[in-house]
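Asks: Following the hints, complete the assembly by docking chain H onto the known chain X.
Residue-level listing of the chains:
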Amino acid sequence: MVSASQAKDMEQKEITREILLSIDDLHVWFELKKFGFSHAGYVKAVDGVTFDVHNGETIAVVGESGCGKSSLMKTILALYKPTEGKIVFDGKNLAELDNRGLHWYHSNVGYVQQDPYGALPPFMAIQRILKEPLIVGGVKDKEERIRRIHKSMEEVRLTPVKDFLQKYPHMLSGGQQQRVVIARAMIMNPKFLVADEPVSMLDASVRVEILKLLRGLQELHNLSVIYITHDLSTVSYFSERIFVMYAGNLVEKAKVRQVIDNPLHPYTVALLTGTSEPDARNAETYKEIPPGEPPSLVNPPTGCRFHPRCPKMIPGLCDIKFPPDFEPEPGHFVACWLYQ
Amino acid sequence: MGQNQLLRIEDLVMYFNTTHGPVQAVDGVNFILDSNRAVVILGESGCGKSSLAKAILRLLPRNAGEYSGRVYLNGADIMLLSDEEFRQNIRWASISLVPQAAMNALNPVIKVGDQVAEPAIVHLGIDKKDALGLVRKMFQHVGVPEDFIERYPFELSGGMRQRVAIAMSLVTSPALIILDEPTSALDVLTQANIFNVLKRLKKELGASFILITHDIATSSELADDVAIMYAGQIVEMSDAYRFFDKPLHPYSQKLMASVPRLHAVKEPDFITGRPPSLINLPKGCRFADRCPARFEKCVEDPPVIEEEGRKVKCWLYS
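Sequence order for the protein chains is X and H. Under my numbering, the first residue of the first sequence is numbered 1, with each subsequent residue one higher. Under my numbering, the first residue of the second sequence is numbered 1001, with each subsequent residue one higher.
Calculated from the structure, these hints are not laboratory results. Keep in mind that a hint or two might mislead.
[To be verified] List of simulated lysine-lysine pairs, PhoX-like, C-alpha gap at most 20 angstroms:
(1) 287/X - 1254/H
(2) 1199/H - 212/X
(3) 1202/H - 287/X
(4) 212/X - 1266/H
(5) 1202/H - 1137/H
(6) 287/X - 1199/H
[To be verified] The following residues of chain H were derived to be distant from chain X, with all beta-carbon distances above 12 angstroms:
(7) 1006
(8) 1035
(9) 1054
(10) 1064
(11) 1065
(12) 1083
(13) 1106
(14) 1173
(15) 1202
(16) 1241
(17) 1251
(18) 1267
(19) 1288
(20) 1292
[Stated by the list, open to error] Chain H is faced by these chain X residues, among others (derived, beta-carbon under 10 angstroms):
(21) 19
(22) 22
(23) 24
(24) 83
(25) 85
(26) 203
(27) 272
(28) 287
(29) 293
(30) 294
(31) 298
Each residue gets a CB set at the ideal place from its N, CA and C atoms; glycine is no exception.
If we strip away everything but chain X, and leave its shape as in the complex, we get (with noise of 0.2 angstroms):
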């Protein structure tokens, strides 16, 4: 919990604070080709997203699978062109960089995998997986490596750090693989952090301590984290800001507890209820859940994506115009013609 204070710094350190990455009104389609060329339609995967990151910040994309936040996060990595709208990174666009430009973002932004056994070469021992970011990042003096693979190694705490250079990745455990995933992502000392469900493939009881190592690390290098999940209950430990994305829009954007204690779009309120607490009266009540499923990202509904799931449908308008972003309360936007 925060105190009256400390909330008060907050707001200070948020004024003062310089947005790092700028995202705007971001587009990323996948052509469909019928019988491999003549087109027939396209995946809206991210469909007109906005929002800043400051610097310093951690945010957490909540959503189910398919709603296009595994496309963001790699078009926010450089892997995947934008259709439309850009990208902005410490004051540069990322469209306009070259190839020495992408080196430099690509050293700038670390990538923590969500299956950390599928994300490490089965074949190299951990400080050969630790020294090929470095080599690619042209950190030629060899010493110079040795001891930033061990500082990074102590940083995740795989230690002593001997005992685990010359190990391969199925002699650790699935806690211990995340950590040299982490590991690796931190070595070139990036600004920026990307997280991809880094606990979901963890034991629930590694899960708190991957999160609290990856707090540390983000407090510690006042890195900017990108936190993606579909588990609500880890983000308040774990994030400022949480923004809800559905069929390639984001529909809610707002500091944590507002989310959590006064969600405001429908399907928000969906996904908290949807969400079990460890309590035995669980077992004696049915959940009230929207029924259906996620759109297809090709021929998605008109008007609100949300609507023909939505109890609180207004006909005439939620299914024929697509909501805009509306703030209800100072800081807590949401696209849902309910606020309006």
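Replies: For chain H alone, kept in the frame of chain X given last:
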């Protein structure tokens, strides 16, 4: 209890042979399940919970070593049956399984209706037309549109395929359904929907469940009883109300403290260290190394202590 006792397991043991020695995956498990109730087996990965399901269903891997104990289903010891009798009368006819990642276990080239009908044709001895009628009924129960019986697995979403797998476990009206991590690969809303389905099956069809999972928060959606498994043994067994209110075993308490909550004041905590290897198990209490309440007695194997109907394997309560 007594009359409606459905399943009683006594000293169930299943080891795997490896070149390093036997892996003691299931090591003397005891529990009782009454009919129309659900017991949750909770534990971290590698604690032997999936092996327990396999041991109950006698789905032994090729390297299975020692396999012993008593499993009573409706009073009859099914461990005495021959493999053929077990296959004909128990597996799927009386006890069915929704395996881990069941939604990916469907055959991609067979229509889902035909797949779900198969256990009914084999075990109930009915023809395909009647079996498909039964499948339609089961699809209704689990919330799959009836015309989906003509579809192939790739045409269904993950949540729908999971429902199909549950329908397949229901089609022979078994006395007991074992669910191995039924929702761990699914999204929050799909997960909540599947639990709604399971609750309804329990209420309307009187189904009984063994739910195997590592997720304490979602397990409370179905649990009547909770069994905590650690390193091949059950260390605590309790009714859900008292368990979620106040777990007894230090391991259960630690597990409970590691659950992140939406509206909690307290930060979640994690358990330091790792579970012991199931090949080289420590002599005394298996949790002693990681236990905050450890004392001299813990070097000896703790007894199972019964306290007001709850069982706990810990020296603290002796």
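Asks: If a hint holds in the structure, say so; if it does not, say that too.
Replies: Hints, one by one, checked against the model:
1. 287/X - 1254/H: Given pair residue 287/X, residue 1254/H is violated - Cα atoms ~28 angstroms apart, limit 20 angstroms.
2. 1199/H - 212/X: violated (35 angstroms)
3. 1202/H - 287/X: holds (15 angstroms)
4. 212/X - 1266/H: Within the cut-off at roughly 14 angstroms; holds.
5. 1202/H - 1137/H: With Cα atoms ~16 angstroms apart, residue 1202/H and residue 1137/H stay inside 20 angstroms; holds.
6. 287/X - 1199/H: Holds, because 10 angstroms separates the two Cα atoms, which is no more than 20 angstroms.
7. 1006: Its Cβ never comes within 12 angstroms of chain X, the nearest being 18 angstroms, so this holds.
8. 1035: Label holds. Min Cβ-Cβ 16 angstroms, cutoff 12 angstroms.
9. 1054: About 20 angstroms separates residue 1054/H from the closest Cβ of chain X, which puts it past 12 angstroms; holds.
10. 1064: Correct as stated: the minimum Cβ-Cβ distance to chain X is 24 angstroms, above 12 angstroms.
11. 1065: With a cut-off of 12 angstroms, residue 1065/H remains clear of chain X, as the shortest Cβ separation is near 24 angstroms.
12. 1083: holds (34 angstroms)
13. 1106: Since the minimum Cβ distance to chain X is about 18 angstroms, residue 1106/H lies beyond 12 angstroms and the statement holds.
14. 1173: holds (22 angstroms)
15. 1202: At about 9 angstroms from chain X, residue 1202/H fails to clear the 12 angstroms cut-off, so the statement is violated.
16. 1241: Given that some Cβ of chain X is not farther than 12 angstroms from that of residue 1241/H, nearest at about 4 angstroms, it is violated.
17. 1251: Residue 1251/H is in fact no farther than 12 angstroms from some Cβ atom of chain X, at 10 angstroms.
18. 1267: violated (7 angstroms)
19. 1288: At about 17 angstroms from chain X, residue 1288/H clears the 12 angstroms cut-off, so the statement holds.
20. 1292: Given that every Cβ of chain X is farther than 12 angstroms from that of residue 1292/H, nearest at about 14 angstroms, it holds.
21. 19: Violated, because the Cβ-Cβ distance from residue 19/X to chain H comes to roughly 30 angstroms (cut-off 10 angstroms).
22. 22: violated (29 angstroms)
23. 24: With Cβ-Cβ at 29 angstroms, over 10 angstroms, it is violated.
24. 83: Residue 83/X check fails; min Cβ-Cβ to chain H is 26 angstroms, beyond 10 angstroms.
25. 85: violated (27 angstroms)
26. 203: Holds. Min distance 5 angstroms.
27. 272: holds (7 angstroms)
28. 287: holds (5 angstroms)
29. 293: holds (6 angstroms)
30. 294: OK, holds: residue 294/X within 10 angstroms of chain H, min 9 angstroms.
31. 298: With a closest approach of 15 angstroms, the residue 298/X hint is violated.
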